[in-house]
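0 is the number of the first residue of the sequence shown in numbering that gives the first Met the number 0; add one for each residue after it.
These are calculated hints, taken from the structure and not from any lab test. Hints may be right or wrong, so weigh each one.
Dumping the calculated DSS-like pairs for lysine-lysine here, alpha-carbon to alpha-carbon at most 30 Å [to be verified]:
(1) K255 to K80
(2) K364 to K423
(3) K396 to K453
(4) K423 to K509
(5) K364 to K339
(6) K474 to K527
(7) K54 to K97
(8) K571 to K97
(9) K97 to K206
(10) K389 to K477
(11) K389 to K531
(12) K352 to K474
(13) K571 to K422
(14) K364 to K422
(15) K453 to K352
(16) K326 to K352
(17) K389 to K352
(18) K326 to K339
(19) K477 to K527
(20) K127 to K183
(21) K255 to K97
(22) K531 to K206
(23) K255 to K183
(24) K93 to K80
(25) K352 to K135
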Amino acid sequence: MNRIACCVLFLAISATAAAQTSSSNQKTSRSVSTSPLCTHQNAIDTLQQQIASSKTFNNPVQRIDVLLRSADLLWPYERDKSLATFLEAFELAKQHFKENGDNDKQDSKFHRTSVPDQRYKVIAAFAKRAPNEAKKLSEQIMADETADSDNPQSNSREARRKTDEKLLTLAHSLASTDQANSIKFARASLSYPASLWLPLYLYELSKANKLAADQFYEEALQAYASAPMDEYLYLSSYPFGNSREVGEMPGWMIYKLPEGFFPNVRLQRLFVQHLLTRVQAALQAPIDAVSTNRFPDSAQMWMALSRLENPISQSLADLAPATTEAKDKLFALLSAPNQKQVTSTIEETNRPKLTFDEQVEAADKQTDVGRRDMQLTFAITGARDVPLDKVVAAIEKISDESVRQPLLSWLYFFRSQSLIAEKKLEEAHELAAKTTELDQRAYLYARIAEELLKESKDQTRVREILNELGEATSKAPKTIVTARALLALANFYTRIDANRGIEELAHAVKAINDLESPDFSVQYVTIKIEGKTFGSYSGFSTPGFDPQTVFSEVAKSDFDGSLIQAATLTDKVLRSLTTLAVIEPCLEVVPAIKPQKKKQ
């Protein structure tokens, strides 16, 4: 057993006592650069031990996480071993998918969470080290799906749509770092039904390379030239720089355009000309392509042309007459029910959005208490810039206390977050103190402390906030959010008091050990407000407040202490991942060259 492993085993026995040591005990902290345990060979040995120990994990997803992290760290030093580890993870992922398929997780009455396909998670990690080999793995998956085409489940439209999403998610993750391979994965997605992931990818790629994004758009336009309108119209947002499609799509979202994004008139012309060609074909042979959406293709075309009339008249004036003519002929082609449906849809789109006061007034007129509460809730959750006191007054109108109280805490939580972003830290602190969910309050205090550490040279206020954070976490329920706040507390104290930092890290470890199956893999927390007949969901990201990041930061000032605390984590996966985070810098430690003895 190597020296670092022996030390962890020995020190873990007394870890609890060591964790309780106060800063007054003058403990000597050894940083990464001064600890004799932090050597390249010890780090390599530890990596290989984590790979071996992962075989004892019952959960294949957790085992895959450790294998991927280990393989990535090993790559620069032991390429063959790393490659074998990546492939081992892929085989596990294939088996996991074979046994489980694509099953979303129902995590509340009205809310489902998509569960990642482990095969593509492996490919995404592998692609950052060996993109060509990773591409072969994705081709293997698609070949397997083609071979299994007789299986209705694997060849269903929904299964193919999910494959498109997985490929574009993978391409999205590489867009900023490896555009060539990103485009290869995106190109593979063009064989599958288009989805909202296509414009998402185009906008992401355009951040790094607008020309490449424009060129890929033309490829996509050709690929989906004859696709049903509920696929084809996913190509309508990018050339115009719109945040939504011009059709009524089966799935949609509001896209955030990259800073400085500019529309491409040439692509606009290509799209509109092709759309008009599709309209002419529909007029000559009015047989709709198969569509899963509630609108037939002819109705989708009419709504698209209606929404594009103004942009076309401004930048493509020569196409305006043909657009108007095509739109009129399409409308005549529609059945009376469809005419009524598309007209009301466009009118709804063009109708001025109700102000907050108007939404509240409309809700007040509802005689059904449940519907009134629902309308008030949706008005409140959309009231980003409405004065706080006015929103609080609207919350007080809600009859259902199980909705009213969480909604009030939700309001204070997100308004505090906005104030933190605006650097109004004292105002943010006031609202944070009103957040009734103690784990969320602790999270806000952590965010405020983080900003104070960046700005303030006076540590007095920083320590006051850290003390409040410590008090809030001590009273908070045992949740992932509380554990993240405690990890943040350890991280912050490390910057101003290394001994206190390791002490708080011990508290965080204890809190994590109290959780059943702690999962820090998703750095996003969903807040749910659910009534009897409706649900409203908002989320916030928690980047950096995870065990691996915090252990890595604390280890910079106290390597040995961080190693001890990693060993005391009862969850085997977290123990492996945090150990890897601690020893990562040691891989770069070059062994000292021993001076040769002079010959006598």
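Problem - Given pair status - K474, K352, alpha carbons within 30 Å - result: The given pair, whose Cα atoms are some 43 Å apart, is violated under the 30 Å limit.
Handout entry: Pair hint K389 and K352, alpha-carbon separation not exceeding 30 Å
Key = holds (19 Å)
Practice task
Assess, step by step, whether the Cα of K531 is no farther than 30 Å from the Cα of K206, and give holds or violated.
Solution key: violated (43 Å)
Practice task
Sort out whether K527 lies within 30 Å of K474, counting only the CA atoms.
Solution key: holds (22 Å)
Handout entry: Restraint check for K364 with K422, where alpha carbons must lie at most 30 Å apart
Key = violated (40 Å)
Problem - Proposed proximity, K352 with K453 (alpha carbon, max 30 Å) - result: Roughly 40 Å between the alpha carbons, so the hint for K453 and K352 is violated.
Handout entry: 30 Å Cα cutoff - pair K255, K97
Key = violated (36 Å)
Problem - Hinted pair K97 and K206, Cα distance within 30 Å - result: With Cα atoms ~36 Å apart, K97 and K206 exceed 30 Å; violated.
Problem - Satisfaction of hint between K531 and K389, Cα-Cα up to 30 Å - result: holds (25 Å)
Exercise for the section: Assess, step by step, whether the Cα of K423 is no farther than 30 Å from the Cα of K509, and give holds or violated. Expected result: At roughly 33 Å apart (the allowed maximum being 30 Å), K509 and K423 break the hint.
Practice task
Below or equal to 30 Å on CA atoms is what counts here, so check K389 against K477.
Solution key: violated (34 Å)
Exercise for the section: Below or equal to 30 Å on CA atoms is what counts here, so check K477 against K527. Expected result: Holds, at about 18 Å.
When the structure is compared with the earlier hints, violations turn up for hints 1, 2, 3, 4, 9, 10, 12, 13, 14, 15, 21, 22 and 25 and for no others.
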